[in-house]
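Visitor: Using the hints provided, position chain R relative to the given structure of chain G.
Residue numbers (the numbering used here), protein chains in the order written: chain G, 1 to 309; chain R, 1 to 181.
Calculated from the structure, these hints are not laboratory results.
Check before you lean on any hint, since a few could be wrong.
Unchecked claim - Take a look, some chain R residues computed to stay more than 12 Å from chain G by CB distance:
hint, residue
1, MET123
2, LEU167
3, LEU172
Unchecked claim - A few chain G positions that, by computed beta-carbon distances, are all more than 10 Å from chain R:
hint, residue
4, VAL40
5, ALA55
6, THR57
7, ILE97
8, SER112
9, ALA184
What the hints assert, rightly or not - Going by beta-carbon spacing under 7 Å, a handful of chain G positions derived as facing chain R:
hint, residue
10, ALA2
11, PRO41
12, THR42
13, LEU226
14, GLY303
From a predicted model like this one, the values you see are computed outputs, not experimental measurements.
The beta carbon of each residue, even a glycine, is placed where N, CA and C say it ideally should be.
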Amino acid sequence: MALSSKDLLGIKGMAADEIKLILDTAATFKDVSERDIKKVPTLRGKTVINLFYEASTRTRTSFELAGKRLSADVINISTSTSSVTKGETLLDTAQNIEAMKSDIIIVRHSCSGAPEYLAKRLKSSVINAGDGFHEHPTQALLDMFTIREKLGRLDGITVAIVGDILHSRVARSNIYGLTAMGAAVRVCGPPTMIPPGIEKMGAKVFFDMDEAVKGADAVMMLRLQLERQAAGLFPGVREYARLFGLNRARLDRVGKSAIVMHPGPMNRGVEISSDVADNSSVILDQVTNGVAVRMAVMFLLSGGSKAEA
Amino acid sequence: MTNSKQKALILDKPSIDRAMTRVAHEILEKNKGAKDLGLIGIQRGGVHLAKRLAEKIKAIEGVEVPVGSLDITMYRDDLDTRKSQPVPQATDISFDIKEKAIVLVDDVIFTGRTIRAALNSIMDYGRPKRIQLAVLVDRGHRELPIRADFVGKNLPTSAREKVEVSLAEDGLEEKVVIFEE
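Just chain R, same shape as in the assembly:
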């Protein structure tokens, strides 16, 4: 399916799980518990990861944290320059984000533009107490002053490379790999 060469396996299934467990602990540590927490997964890579974090938080702290999904297509900054429009996915935030400590969850942070769009989108839903960011992989190359609070794996990459996260919820073999374009 790809005409890219070289592949390096960065994280396998157990490594992904350990990273997520650590991230869940870090979220609870930084927020001093799960009070007023809300997790929002960014479509599409962050949605499953957000649910996993919620499950881990429940296992650690015994608290059920609300989980939502956010599609940022309508807030992208590149709609004018793309050859075709992306099809928006569902946004489902069924809890009130007012006064909540929101943790945005995504699989990979790269230029930071997706997160910028997510911040603008969240603000249209209400005024949260604070917003933090959890990602599975930080691959560098930020084009905006945006950083993640919780990182599963720091992965220096070259701009030509492509990072792909495959999750079991999508019916794939669970792994994080690097492709060379």
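Extracted from the complex, chain G is given alone in its bound form:
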């Protein structure tokens, strides 16, 4: 089986079959990270470039490890130390990299659509590691993988995503993916942080967190970006935590044992309490699964006869 495109730019429009293929493939790659010798020769000799215009620990390290465990050569470019500081454009940067015969370019950028812009102009496979407020497909894939691993399936379950949905590419990718796989998605947050029209994406909107998480199988907490307070989107961190934070008492009121997720990095005591994060969440499993999912994506994108590029 193959993916239908040379790139992974977003979950929107992906068929359930394709998502399932990635998740199934990721399951076998997870084993590689459990072995003593965490390496397979699958992408030997391939060149993978991490082109990150925004800061990242988790995602970048995850992609780097995924590539290295597949025996690829991985280069990290963080633009703060590159010629981008001299004003080099996105396209020039990418074309110069491709001139060095890259195979896969992984892009994180603050502009929505930047990865697609590059994908149309480059022969390399482009993977979107997060673009603006648009999508973060590998995060949604690892989230779905984690949910499927813990609950056994994705169709028919209910997932509540809580937090700053308006500015969250993680939320968007997850909504596309979870609905495609047959899950029911609820979004919850202060009205200032819920984009109008999000119901059209298939998500049910809640402004009361207890209602939103009641009976949910999985609760996904999003990071509150504290800068948004300066923009007047919420009155204060303590009030936010009281209304939309996940603490032990609120988790108990869910009514069943739901899995608790967070894409990281988390603000302890704000959107999630330390107790819940440390004792009742699958946050670290998400990180482990992230490497496996990214290995699967690189594997599926890298094959294929040169003749059909």
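Guide: Just chain R, lined up with the frame of chain G:
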């Protein structure tokens, strides 16, 4: 399901069983018993056959030999030239292969490239004492210097033909047949 012509039945259910019984005896003979033996079936054709060999060895020698399964997709040499990537299956080797006499098991040996991939993969799990190869069918046309130690049936074929092994564990009628493409 196939647009291939002509079919010849090479082995039926009893013949497959007799061949496997003989292979089990040969494994025990060559290794002077079942001490330190470990069987690893190559996904997907060799997995069920490896379990069967383990059962036969238990019946003959009274020893329970560990069985594992190995997926070689990540070690293939043709990932660049295929139209689509194969979906990897499970690799499950729950015993330590260090200092073990490993017998790789597959249904058909053809070009030998699968076995080359399996050897590279096994070495990443540890250092076995030795590795031997048992196959149900050897159809010739080796492209690498690789040979099986134990063969159920030697079957000269033409490169155009296709050999198909169907096993009861997969819910199929048990047989080995040749198709002409």
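Visitor: Check each numbered hint against the structure and report the violated ones by number, ascending.
Guide: Numbers 1, 4 and 13 - these are the hints that the structure violates, sorted from lowest upward.
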